[in-house]
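Quick note, the sequences are listed as chains A and B, same order. Residue numbers 1 to 184, in our numbering, belong to the letters of the first sequence in order. Residue numbers 1 to 148, in our numbering, belong to the letters of the second sequence in order.
To be clear, the hints were calculated from the coordinates, so they are not data collected in a lab. Wrong hints could be hidden among the right ones.
16 Å max Cα-Cα, derived EDC-like pairs, lysine to aspartate or glutamate [unchecked claim]:
| # | chain 1 | residue 1 | chain 2 | residue 2 |
| --- | --- | --- | --- | --- |
| 1 | A | Lys105 | A | Glu91 |
| 2 | A | Lys111 | A | Glu73 |
| 3 | A | Lys111 | A | Glu178 |
| 4 | B | Lys73 | B | Asp127 |
| 5 | A | Lys53 | A | Asp101 |
| 6 | B | Lys139 | B | Asp106 |
| 7 | A | Lys138 | A | Glu164 |
| 8 | A | Lys138 | A | Asp88 |
| 9 | A | Lys98 | A | Glu73 |
| 10 | A | Lys162 | A | Asp151 |
| 11 | A | Lys111 | B | Asp127 |
| 12 | A | Lys152 | B | Asp60 |
| 13 | A | Lys35 | B | Asp106 |
| 14 | A | Lys44 | B | Asp127 |
| 15 | B | Lys71 | B | Asp117 |
| 16 | A | Lys44 | A | Glu178 |
| 17 | A | Lys111 | A | Glu164 |
| 18 | A | Lys111 | A | Glu153 |
| 19 | B | Lys71 | B | Asp60 |
| 20 | B | Lys57 | A | Glu178 |
| 21 | A | Lys35 | B | Asp60 |
| 22 | B | Lys57 | A | Glu153 |
| 23 | B | Lys139 | B | Asp60 |
| 24 | B | Lys115 | B | Asp127 |
| 25 | A | Lys105 | A | Asp81 |
| 26 | A | Lys44 | B | Glu134 |
| 27 | A | Lys168 | A | Glu104 |
| 28 | A | Lys55 | A | Asp96 |
| 29 | A | Lys167 | A | Glu104 |
| 30 | A | Lys167 | A | Asp96 |
| 31 | A | Lys55 | A | Glu34 |
| 32 | B | Lys139 | A | Glu164 |
| 33 | A | Lys154 | B | Asp106 |
| 34 | A | Lys53 | A | Glu104 |
| 35 | B | Lys57 | A | Asp151 |
| 36 | B | Lys115 | A | Glu34 |
Restraint ranges, calculated between C-beta atoms of paired labels, are given here [as the list claims (entries may be wrong)]:
| # | chain 1 | residue 1 | chain 2 | residue 2 | range |
| --- | --- | --- | --- | --- | --- |
| 37 | A | Lys138 | B | Gln76 | 34 to 44 Å |
| 38 | A | Leu172 | B | Glu40 | 30 to 40 Å |
| 39 | B | Gly146 | A | Gly94 | 30 to 40 Å |
| 40 | B | Lys57 | A | Lys138 | 15 to 25 Å |
Quick reminder that beta carbons are idealized off the backbone N, C-alpha and C, glycines included.
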Amino acid sequence: MAKRTPMEVNAGSMADISFLLLIFFLVTTQIPNEKGLPILLPPKRTEMDNTVKMKQHNILSVLVNSRNELLVEREPLNVGDLQQTTIDFLENRGRDPKSSDSPEKAVVSIKTDRGTSYDTYLRVMDKVQAAYNTLRAKHMGIPLAAYLALDKEKASKAMKDKYEAAKKAYPLRISEAEQSSVGQ
Amino acid sequence: MLGKFKSPKEKEVPVISTASLPDIVLMLLFFFMVTAVMRETNLLVEQHLPSATQLTKLQDPSLVSHIYIGKPKDTQRFGHTELIQMNDVLVNPRQVPQLITQENQDVTRMTVSLKVDRQSKMGLVSDVKLKLREANARKINYSAVGQR
Chain A
1 MAKRTPMEVN AGSMADISFL LLIFFLVTTQ IPNEKGLPIL LPPKRTEMDN
51 TVKMKQHNIL SVLVNSRNEL LVEREPLNVG DLQQTTIDFL ENRGRDPKSS
101 DSPEKAVVSI KTDRGTSYDT YLRVMDKVQA AYNTLRAKHM GIPLAAYLAL
151 DKEKASKAMK DKYEAAKKAY PLRISEAEQS SVGQ
Chain B
1 MLGKFKSPKE KEVPVISTAS LPDIVLMLLF FFMVTAVMRE TNLLVEQHLP
51 SATQLTKLQD PSLVSHIYIG KPKDTQRFGH TELIQMNDVL VNPRQVPQLI
101 TQENQDVTRM TVSLKVDRQS KMGLVSDVKL KLREANARKI NYSAVGQR
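Let's have the full structure, built from the sequences with the hints guiding it.
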């Protein structure tokens, strides 16, 4: 019997086939890169609603009207200045009797109109959270960018403790009041 | 002397071997298969997300459901007012709690990602928020893009 040489398979078209597959995957998939502002809604309203009495000076009231204008503590304000105002309000610690007693007791109340644009609302939300995040990052002794990038599940034990402490010192208390409906 | 050196005219262009090309492309392919997820919804509403600075990453992608809000793309069929899209259908706010519980049994652990067009008004957004609160889906994430 003659010695048979194994047949060569031409693999030249393999590249084309894989390219086709690759392009198919590129078109049909998306890479998840979702980021956003997290909030926690208050629990469902129950019959036995025990209203908590808050002292008026512990509340920073932020009103946004249908023309996207801000009213903070009954005075008009630019959205850009809201972060500093919130930080001042939280860090007051009883110095000014009209401002908050301590960060633990302070509440930021945001009230929007049905006609407020979502963009403005998110800017307000962003500034208030920026104020909290800045203070928390300062409490933890890390830069703000590092605080935002912190992965709560993968962080080291020491970092987690620090984070919990900062969270306890500056609890995120944003309350959203019922809406008015002027400009829809 | 002449025998030792070839004349430059006879010099051949070396052939580049393409034998490893399939392997390279396959590696790319596998990389994409692992990192990417299938596109599951066709967007029926406009989506230009607002920008924000204090962004955090969504924790567990498998426990996230999306709600899209914006003006419809097909204005001939759906008009110009903002609408809510869940999965592949346009819904009204009253249907939101039912669809949310249908999608995931453990509502308290899941996150709802609200993808709202930047030109929307707060009215519809807060209607949805109220319904989510009713359905006990309290973890909300306002989807946004970073500032450049």
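Going down the list of hints, with the structure as the test:
Straight-line distance between C-alpha atoms of Lys105/A and Glu91/A comes to about 11 Å, which keeps the hinted pair within the 16 Å bound. For the hint linking Lys111/A to Glu73/A, the alpha-carbon distance of about 12 Å falls within 16 Å, and the restraint holds. Restraint check for Lys111/A and Glu178/A: the C-alpha separation of about 7 Å stays at or below 16 Å, so the hint holds. At most 16 Å may separate the alpha-carbon atoms for a hinted pair to count; Lys73/B and Asp127/B exceed this at roughly 22 Å.
At most 16 Å may separate the alpha-carbon atoms for a hinted pair to count; Lys53/A and Asp101/A meet this at roughly 15 Å. Annotation: proposed proximity of Lys139/B to Asp106/B holds, straight-line Cα distance about 12 Å (limit 16 Å). At most 16 Å may separate the alpha-carbon atoms for a hinted pair to count; Lys138/A and Glu164/A meet this at roughly 13 Å. Proximity of Lys138/A to Asp88/A is assessed by CA-CA distance (about 14 Å); at most 16 Å being required, the pair is judged to hold.
Distance hint between Lys98/A and Glu73/A is fulfilled; the C-alpha atoms sit about 10 Å from each other, no more than 16 Å. Between Lys162/A and Asp151/A the CA atoms are separated by roughly 13 Å; this keeps the pair inside 16 Å, and the hint holds. With a C-alpha separation of about 14 Å, the suggested pairing of Lys111/A with Asp127/B holds against the 16 Å cut-off. Distance check on the hinted pair: Lys152/A and Asp60/B sit about 12 Å apart at the alpha-carbon level, within 16 Å; holds.
In summary, the hint linking Lys35/A to Asp106/B is not supported, as the alpha carbons are separated by about 22 Å, beyond the 16 Å threshold. Between Lys44/A and Asp127/B, the direct Cα distance comes to roughly 14 Å. Compliance with the 16 Å bound is thereby established for this hinted pair. The straight-line distance between the Cα atoms of Lys71/B and Asp117/B is roughly 8 Å, inside the 16 Å bound, and the hint therefore holds. Between Lys44/A and Glu178/A the alpha-carbon distance is near 14 Å, which keeps this suggested pair within the 16 Å criterion.
As the CA atoms of Lys111/A and Glu164/A are separated by approximately 29 Å, the hinted pair breaks the 16 Å bound. Among the hinted pairs, Lys111/A with Glu153/A is inconsistent with the structure: their alpha-carbon atoms are about 33 Å apart, more than 16 Å. The suggested pairing of Lys71/B with Asp60/B is violated, with an alpha-carbon distance near 29 Å, which exceeds 16 Å. Taking the CA atoms of Lys57/B and Glu178/A, the gap is near 29 Å; set against the 16 Å cutoff, the hint is violated.
Using a Cα cut-off of 16 Å, the hinted pair Lys35/A and Asp60/B holds, with the two alpha carbons roughly 12 Å apart. Of the pairs offered as hints, the one joining Lys57/B and Glu153/A holds, with about 12 Å between alpha carbons and a cut-off of 16 Å not exceeded. Only pairs whose Cα atoms come within 16 Å are accepted, and Lys139/B paired with Asp60/B is accepted, the gap being roughly 12 Å. Proximity of Lys115/B to Asp127/B is assessed by CA-CA distance (about 14 Å); at most 16 Å being required, the pair is judged to hold.
Using a Cα cut-off of 16 Å, the hinted pair Lys105/A and Asp81/A is violated, with the two alpha carbons roughly 22 Å apart. For the proposed pair Lys44/A and Glu134/B, the alpha carbon gap of about 6 Å is at most 16 Å, so the pair holds. For the proposed pair Lys168/A and Glu104/A, the alpha carbon gap of about 8 Å is at most 16 Å, so the pair holds. Distance hint between Lys55/A and Asp96/A is fulfilled; the C-alpha atoms sit about 14 Å from each other, no more than 16 Å.
With a C-alpha separation of about 10 Å, the suggested pair Lys167/A and Glu104/A falls inside the 16 Å cut-off, and the hint holds. Taken as a hint, the Lys167/A and Asp96/A pair is broken in the structure, with Cα atoms around 24 Å apart against an allowance of 16 Å. Between Lys55/A and Glu34/A, the direct Cα distance comes to roughly 38 Å. Violation of the 16 Å bound is thereby established for this hinted pair. A hinted pair counts as satisfied when its Cα atoms are at most 16 Å apart, and Lys139/B with Glu164/A does not qualify at roughly 19 Å.
Under the criterion of a C-alpha separation no larger than 16 Å, the hint pairing Lys154/A with Asp106/B is inconsistent with the structure, at around 23 Å. A distance of roughly 15 Å separates the Cα atoms of Lys53/A and Glu104/A; the hinted pair therefore holds under the 16 Å criterion. Our distance criterion of 16 Å between C-alpha atoms is met by Lys57/B and Asp151/A, whose separation comes to about 9 Å. At roughly 10 Å between alpha-carbon atoms, Lys115/B and Glu34/A fall within 16 Å of each other, so this suggested pair holds.
A hinted range of 34 to 44 Å is violated for the C-beta pair Lys138/A and Gln76/B, which are about 53 Å apart. Look at Leu172/A against Glu40/B: about 32 Å separates their beta carbons, and that is inside 30 to 40 Å. A hinted range of 30 to 40 Å holds for the C-beta pair Gly146/B and Gly94/A, which are about 37 Å apart. For Lys57/B paired with Lys138/A, a C-beta distance near 22 Å keeps the hint of 15 to 25 Å intact.
Comparing the model with each numbered hint stated earlier shows that hints 4, 13, 17, 18, 19, 20, 25, 30, 31, 32, 33, 37 do not hold.
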